[in-house]
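Q: Here the structure of chain G is known, so what remains is to put chain A in place on it, guided by the hints.
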Amino acid sequence: MSDFSAPPATRPALLDIRGLSKSFGTLKALDGVDFTLGEGEIHALLGENGAGKSTLIKVVTGVFARDAGTVRLAGREIAPRSAKDAVDAGIATVYQEVNLLPNLSVAQNLFLGRQPTRFGVVREGEMKRRARALLLDYGLDIDVGAPLSSYSVAVQHITAIARAVDLSARVLILDEPTASLDRHEVEILFNVMRKLADRGIGIVFVSHFLDQVYEICDRVTVLRNGRLIGSRDIADLPRLDLIRMMLGRELAETTHERAASQPDTAREVCVSFKRYGKQGYVAPFDLELRCGEVVGLAGLLGSGRTETARLVFGAERADSGEATIDGKAIKLNSPRDGAGFGFGYCPEERKTEGIVADLTVRENIVLALQARRGLHRPLSRREQDEIAMRYIRMLDIRPPDPERPIGLLSGGNQQKALLARWLATSPKLLVLDEPTRGIDVGAHAEIIRLVRELCDQGLALLVISSELDEIVTYSNRVVVLRDREHVEELKGDAIEVSSILAAIAADTAPAREVAS
Amino acid sequence: MMLRIPRRGFAQVLALIVILMINRLVSPQFFNLHLQDGRLFGSVIDVLNRGTPVALLSLGMVLVIATGGIDLSVGAVMAIAGATAASLADTHSLPVVLASALAVGLTCGLWNGILVAVLRIQPIVATLILMVAGRGIAQLITEGRIVTFTSPDLVWMGNGAVLGLPTPVVIALGMLLVTAAVVRGSALGLLIEATGGNARASELSGVGTRAMILSVYVWCGLCASLAGVIAAADIMGADANNAGLWLELDAILAVVIGGTSLFGGRFSLVLAVAGALIIQAMNTGILLSGYPPELNLLVKAVVVLAVLLAQSPRLGDLSRFTARWRRTKS
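Chain order of the listed sequences is G and A. The letter at position 207 of the first sequence is residue 212 when you use the working numbering, and the numbering goes up by one with no holes. The letter at position 139 of the second sequence is residue 135 when you use the working numbering, and the numbering goes up by one with no holes.
Some clues are possibly wrong.
Example chain G residues on the side facing chain A (calculated, C-beta under 10 Å, incomplete) [claimed, not checked]:
1) 156
2) 158
3) 244
4) 318
5) 339
6) 352
7) 359
8) 362
9) 376
10) 380
11) 384
Don't read these hints as lab results, they were simulated from the structure. Computed from a prediction, not measured in an experiment: that's the story for all the values here. Ideal Cβ positions, reconstructed from N, Cα and C, are used throughout, including at glycine.
Pulled out of the complex, with its shape left as it was, chain G reads as follows:
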């Protein structure tokens, strides 16, 4: 805490990570990642879901043990085994959901576990005085005796940061700190961050708001699929290049066969949405989904892709606009409604929203079909076996054992079983949210092949992916989203990684009329 002096021009490395690797089963969550954080540096850690950001943080903060690599803090190698170890070493983390005690006062939260005492009695007055002084340093002049929950999330964040820094943190990791803050609160938080950086504390800033990254950060490191894509000074990095680092994949290991560009009118419209939207969720959009056509949804994390998918399936209720099938208005108020119209939805969160881990592969596959048939028309065991075996063979689910609990399968095979769950209902429309996320390379290619095949069989598909070259491979049309709005629709030859990137990166104002 002694060197509050301004950082030297060439920032000495404070946190130095080399060749960090971590696997979960066959999936490499981190693969030889390097990361260097300088003293007094604000360093953005970027990447889509599953890129490895959280794993990196969790390894550094001792939640996970690493498989390989070194972590040096100020030149000394550290290997924290628990969050407490990391804090003791000088690495503090503040998560999006503030993990303090909302029912205690601000002062109590700041000094929890190290209250000033006299003869074993907590000195409330002294604690409050010190708490107040501490927060004044952060530009907060508040009643520290009031419960933490009576303050805004921004104040709670700053309290958490103040506590962390006061515990002699030298590296501060902020995980999506601005996700639930408004503009003004973000400004307060940024001031605090700048002040801390001036004191020489290194800050890792995880966020998916690129504007904020450009506003506050000095450097940026991008991860994708557990690999390091690169570290750059933010001043030398145009926004388009940053997005390309996050989404584009340069190496073309498969020759992309472009989806046949038939004229739109040749295909039958499966379902269409007019000014469909939900306030505060995703802005009203027009969307036509046609049989035998893949529509890709592209955009950054938090741009409204998943939200669009959930509205289309009925997992979320729209509050404006209308959905029609063959010109007739339909109500999509629940997943049951969506499934009833012949829609299917494979969510991004495979474990929490997709599979029922304890049930067998067979039971997972027949679930949607059985739910649609209703209670009184149970599928006999023989029918279930037939359906399960048919899809296990068709999609090459391994091991080919319908009686194995699905939780024991690999991610790729779970994904295939979820596809089978909907295919068994002979759907008209399939909504796939990141179908290739967290899946090893072999299964990845297979899923992409399946998407094309399903499309050729006349299904309408709406597919979300962060991998732009993947989207380019199978999409007939691509809808680009930004800030929860559909900003552009690309067709035919206009579908290129570069044009999608341009649409994502375009500045907000002029692109709006394209959507209409």
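A: Just chain A now, with coordinates in the frame of chain G:
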């Protein structure tokens, strides 16, 4: 589908056999049976007969627990249904008495179901309401007295016999068959297990999870009211304070012994009933042995501990770890 039991229920069947054997050691006449007035008597029959209320409760409870819920109110529902049946018994015919008591049980179940499925109150708190209020309701029905009756029809439900077996045992067996037919004969079983295993995923697959949850609480209320009628018929009276007291805990224990996880998901009706019989066999054994009945509670506690330890994922990890360790050593 019920043929899965031999593989899955091995531990429970073994436990039941071991306890019965211990009982045989303690009391050499344990397996003796004799026929008197067209009804079988003997310790084994006694185990079945005394185990009936908890067995009936566990039939409903196992479905509730399979959805990831719990029903603490079944003991109180027994008291309400018993009070209803007892106060109508001498003035109305048996069908009317039964129908009223069961209707009361259905209503109680519906109440719990609405709290949990529609208002999304945590099951343990939601059913706690009726657990507390239920005894009050039962006392209002009996006007604070112990209502006795003499109606031979209702008494037959507690003390009569069908083909030599006590009526309660036949009723419980019937309910087991009906429940199994409804649950496994329709898609209900699969959809309940899916709902309990992952409610969010089930809902996104188009399963009407709300209807599933509502229906299991209704069924649980129905089973509890039947148990209440039998308990009242057995003592020819309704005691609002003591009928079914603490039996919700025995029912939960029976379900857990039967291998259904409190987290929900997979369940087995037959094994839940086996769990109820294991509990009763222990009770009877201790009574026969001449040890003080207080010991019962301790023995039960040890059994619960053993079952939970056997189900603990940590312990499972540990045993797998030691197995791997042994393998690498050899």
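Q: Please go over all the hints and tell whether each is borne out by the structure.
A: Against the structure, the hints:
1. 156: Given a least distance of 28 Å, the restraint on residue 156 of chain G is violated.
2. 158: violated (25 Å)
3. 244: violated (35 Å)
4. 318: OK, holds: residue 318 of chain G within 10 Å of chain A, min 8 Å.
5. 339: holds (8 Å)
6. 352: holds (6 Å)
7. 359: holds (6 Å)
8. 362: holds (7 Å)
9. 376: With Cβ-Cβ at 4 Å, under 10 Å, it holds.
10. 380: For residue 380 of chain G, the interface hint holds, since the closest Cβ of chain A sits about 5 Å away, which is under 10 Å.
11. 384: At 7 Å from the nearest chain A Cβ, residue 384 of chain G passes the 10 Å test, so the hint holds.
Comparing the model with each numbered hint stated earlier shows that hints 1, 2, 3 do not hold.
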